[in-house]
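Spelled out, the chains give:
There are 2 protein chains.
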Amino acid sequence: MPSLDLTMSSIDLTRTICDIDSVSDREGPLADLIEESVSAVPHLRVTRHGDTIVARTELGREQRVVIAGHIDTVPINGNVPTRFETIDGVEYLWGRGTVDMKAGVAVQLKLAAELAEPVADITWIWYDHEEVSEAKNGLNRLSQTSPELLAGDFAILGEPTRSQIEGGCNGNLRAEIRTRGLRAHSARSWVGDNAIHKAAPILDRLAAYEARSVEVDGLVYREGLNAVGITGGIAGNVIPDECMVHVNYRFAPSRSAEEAVAHIHEVFDGFEIEIVDLAAGARPGLDAPIAQHFVAAVGGTPMPKYGWTDVARFSRLGIPAINYGPGDPVKAHADDERVPVEQITDCERGLRAWLTGADS
Amino acid sequence: MPSLDLTMSSIDLTRTICDIDSVSDREGPLADLIEESVSAVPHLRVTRHGDTIVARTELGREQRVVIAGHIDTVPINGNVPTRFETIDGVEYLWGRGTVDMKAGVAVQLKLAAELAEPVADITWIWYDHEEVSEAKNGLNRLSQTSPELLAGDFAILGEPTRSQIEGGCNGNLRAEIRTRGLRAHSARSWVGDNAIHKAAPILDRLAAYEARSVEVDGLVYREGLNAVGITGGIAGNVIPDECMVHVNYRFAPSRSAEEAVAHIHEVFDGFEIEIVDLAAGARPGLDAPIAQHFVAAVGGTPMPKYGWTDVARFSRLGIPAINYGPGDPVKAHADDERVPVEQITDCERGLRAWLTGADS
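So the protein sequences, as listed, match chains A and B. Residues in the first sequence are numbered consecutively from 11, following my numbering. Residues in the second sequence are numbered consecutively from 11, following my numbering.
Everything labelled a hint here was simulated from the structure, so no lab data went into it. Among the hints, a few may not be true.
Because identical chains cannot be distinguished in the list, a pair is counted as satisfied if it fits within a single copy or across any two copies.
Straight-line distance between alpha carbons at most 20 Å, and here's what the computed DMTMM-like set of lysine to aspartate or glutamate pairs gives [stated by the list, open to error]: (1) K208 <-> E220; (2) K208 <-> E186; (3) K341 <-> D98.
Since this is a predicted model, take the numbers as computed values, not measurements.
Start from the sequences and build out the full structure, keeping to the hints where you can.
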């Protein structure tokens, strides 16, 4: 496999790395290429951790920013190799990974090689296994084995945001709310105790629930509490003895994971509750001066990120973090995944302006 | 295979026919034996319809009663051959079919051979495929191909009732009640429309529903309206666009199938309703003089039958019908299926008293 030429345009670089298969568990060859190419850059100190590559400047700057992107993709579905296509006058690069998130990685790689004298020290991280389980996630692994490598004053994750700033993320909780009853033949239903009927107040509370909108560091996060599943029943002639409502709570980053759990216990008071998934959100941290410089350099109006992303891992370490990358998140994982090429150059321009101090 | 000796005791006859495998679809050998044995009885005219045997007296009596029992069983599960066992001083015959319903068939076979001069003409029917689908049911088939063979003034089905009279049966309806919404990512739930939340009023109405108790021909039928299943949900991060509540309505035999459907539409007004199963109940008809004689001969207090049984087929033909046979219905299909032998002789005594006019 040829080496990566980090001086080519970020659009060509995106295309090159998209055409290298790096579906989760197969990141090795792309990680090799990245390691090889950034190791050749004199101002970067490079270390490898599995298939995660970390490249740092060590210029003794007062502040350090962490800029990260994952190099794996979801499975290819006939959408590689990439191609350019124009729709309604907009030029796109089409194919797996163009949105989620190799265009972001390409911009980062190009700037990592180019910026020998950034205004802040930079820790670049390209990591594996973002699209699969928490346990395999390269950034998660790094935060446990070498948390010092994630240290910084501000972090940027290159997840697709249409090259607009999306700050922090909502927290995410899933719970199973259960009712119990007593089985009986439905011809003699009065002998039993219908667990599905007992779930009526659970659905009533969900239907009546008014989700909050909460301002955090200047961004307004909209919450949501929803049933995402319901199951109950044994057979057409049996009174059911159990019903389970699967609930998903998305909560603003001003609320801790513990507070979210307490809220669920309050809403579903009197019912059996099992928390099956819990991840705190992340504050956008856009009130810090370094973040203000970033906002000024990139332009546009920062928005909240609703979905949970790896920025929460930085938040957990006390580092404000935002999402910023090319591509519409709606096209992530889609068979017609495609990124407007203009967003790639926009992202490159925004990051460069900030990191070279061109905004000040 | 040896012939059946219809002069042996009804208990021994029960044991003999239980030890002959006649799981649904394998009724042939037992049907052969029954046909052979009743054909040898001078006062019976015997016809065969598949594996259903019909034996009639033709004495020119003013009234005709139909007495029927199915000869198939659910699958054997290590509970054949039969054996006698005594529990807490009660003697049982243990094994597949002893309750459902070869003890009843044995009593019928014995009396068919014995009673040359009953007070009413009798049509004895031993039929196949009761334990499987409606389409295969021998009595259903006969009602369509030779309805004249089911004609009569009163009918008795030998289903297990602990040798007490259980009149008629409730009707049975199942319906799927649906709500529809709009899918969305649960991180942006306000974009969607949650179909599970919309099902709250369905469960509210079910929980608040007060089932009727309805007197029909002197018996009180208790109704029931229950959710027997509920499903909804696509994934833990998706707002669901559909929810289905599976409802079972057991209705008194005074209500027609059409009236039952109308009631369901009334209760779930405003929701999408699909009727997936519908069978009218059967009136007990215990107010007719012939039935009163039967009650007097058998003794005890007639009770309503809650579950749906083949008596409804007679009801559909305008013939009052009751259930009367040895064994506790709770033990039907059970691995420890067993009949108290005293109930076999009780049933024999009750039927004989009535059919010989010993009660008058």
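Hint by hint, here is what the structure shows:
| no. | hint | in the structure |
| --- | --- | --- |
| 1 | K208 <-> E220 | between (22 Å within a copy, 15 Å between copies) |
| 2 | K208 <-> E186 | both (15 Å within a copy, 19 Å between copies) |
| 3 | K341 <-> D98 | within (17 Å within a copy, 72 Å between copies) |
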